[in-house]
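Chemist: The primary structure of each chain is shown beneath.
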Amino acid sequence: MSLEQNYDGTEHSPSGTTLETDLHGKVTGFISITPPQSKVTRKPVKVGGSAYPVAFGQPDGDLPELTLVVRKSYLWQWEEGIRSALGVGDPNARLELKDVSLTFTLTSAPFDEDGSPLPTRVREFTALYNGNESGSDRKSGDPLEATIHLQQTSPATEK
Amino acid sequence: MQKLEIKDLPDVVTAAYTTAEAWVQERFRGRRVAPRPFVVSMPIPDIEGDADARLFAVIVPLSGEARARVSKAVTATQVAKDRGVEALEAAGDQLMSLLLVEGCYWVGGLARPDGTLDQMPQPRDPRDPRPAARDYLKDLRGEPGALGMAYDQFAAAVLQTMEAPEVRLGKL
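Going down the list, the sequences are from chains A and B.
Everything in the first sequence is counted per numbering that gives the first Met the number 0, starting at 0 for the first residue and increasing by one.
Everything in the second sequence is counted per numbering that gives the first Met the number 0, starting at 0 for the first residue and increasing by one.
There's no promise every hint is true.
What the hints assert, rightly or not - If we take Cβ atoms under 10 Å as the criterion, some of the chain B residues that face chain A in the derived model are: (1) R26; (2) R30; (3) G63; (4) E64; (5) A65; (6) D92; (7) S96; (8) L97; (9) V100; (10) E101; (11) R129; (12) P130.
As the list claims (entries may be wrong) - The calculated label-pair distances, taken between Cβ atoms and stated as ranges, are: (13) P34(B) x E132(A): 40 to 46 Å; (14) P63(A) x R126(B): 21 to 27 Å; (15) K80(B) x L96(A): 52 to 58 Å; (16) E79(A) x R26(B): 31 to 37 Å.
For the record, the hints were derived by calculation from the structure and aren't laboratory data.
For clarity, every value in this text was computed on a predicted model and none was experimentally measured.
Every residue gets a Cβ at the ideal spot worked out from N, C-alpha and C, and that includes glycine.
Produce the complete structure using the sequences and hints provided.
Modeler: Structure, rendered in structure tokens:
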């Protein structure tokens, strides 16, 4: 589980980590997700001849693409959730082209190296759905997993 | 366990309370409810030469997610009853540890021989001292007398915050 934590040591967050979206509710087939980014960058504004910035620009969110790994059997539920939210009846519709924006809530219930619980962390962010791929051929590392691609659109905030 | 007025507290406890208040405000920023921390203390009469010795803790309110996690831990304790004594003890220990790590922000206030007041060590992550408070209380469990009971007592105090304020449902 690749979750950023604020604690040193070998803390881990096994089955207690859950993911919810505003369209699907709890993502029951959730396996892992790349850490959403909280950082934004502000570019300095300089005027001619000035050695130091006179101001800083609006936050520029160079937010990453995220990879959500789910159980392959869950993938149809994922797509169905989006279809029903958008009112799309066609099962072959290209959902990744429809600019579907989702709000994610990542709840982590971590433990430290001794197995003692650490405080619960809840992070919220929005992302666009960029399609999925599920390998079931011989090249796939694990045919039971499916990968959902997301483009993070807002910095992850602690709730 | 006794709830206290902030004006009657030692300076070190007041400082911890003020920090906890700012932390809670930041943590619950943007929510509908901005809860407040509170201070609890228990007497430690066993300390030689100090009949008024007390151990203080600053308790912070649990978030909804933390509350749900505690509820699951309570259920796990009930299920563990059927699995024998060892499983029950392990589940109970996890529950108390979870209560403290979610709700206990600061512990301290015992007098040192030099007259200053003892408090928990600096946390590894200064933004969230709760794991350090829990670990400090865990260390105290080996102490004789009332001090050894602080872990259980403060865990029970956090549990009480889940029950209060009392909610009554009514209908016309």
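Chemist: Determine for every hint whether it applies to the structure shown.
Modeler: Going through the hints against the structure:
1. The beta carbon of R26(B) is positioned within 10 Å of a beta carbon in chain A (closest approach about 8 Å), and the interface hint is therefore held.
2. Proximity of R30(B) to chain A holds as hinted, the smallest CB-CB distance being about 8 Å (cut-off 10 Å).
3. For G63(B), the shortest C-beta to C-beta distance to chain A is roughly 9 Å, which falls under 10 Å, so the interface hint holds.
4. At its closest, the beta carbon of E64(B) sits 5 Å from a beta carbon of chain A; the interface hint therefore holds under the 10 Å criterion.
5. Against a cut-off of 10 Å between C-beta atoms, the interface hint on A65(B) holds, since the closest Cβ of chain A lies about 5 Å away.
6. Taking 10 Å as the C-beta contact cut-off toward chain A, the hint placing D92(B) at the interface holds, the least distance being around 9 Å.
7. At about 5 Å, the closest approach between the beta carbon of S96(B) and any beta carbon in chain A falls short of 10 Å, and the interface hint on this residue holds.
8. With a least beta-carbon distance of about 4 Å to chain A, the hint placing L97(B) at the interface is held under the 10 Å criterion.
9. Because the beta carbon of V100(B) sits about 5 Å from the nearest beta carbon in chain A, less than 10 Å, this interface hint is met.
10. The interface hint given for E101(B) is met, as the beta carbon of that residue sits about 6 Å from the closest beta carbon of chain A, less than 10 Å.
11. At about 5 Å, the closest approach between the beta carbon of R129(B) and any beta carbon in chain A falls short of 10 Å, and the interface hint on this residue holds.
12. Because the closest C-beta pair between P130(B) and chain A is about 6 Å apart, less than 10 Å, the hint holds.
13. Taking 40 to 46 Å as the suggested C-beta distance range, the pair P34(B) and E132(A) conforms, at roughly 44 Å.
14. Taking the beta carbon of each, P63(A) and R126(B) are about 23 Å apart, inside 21 to 27 Å as hinted.
15. For K80(B) and L96(A), the Cβ-Cβ distance of about 54 Å falls inside the hinted range of 52 to 58 Å, so the restraint holds.
16. At about 36 Å, the CB distance of E79(A) to R26(B) agrees with the hint of 31 to 37 Å.
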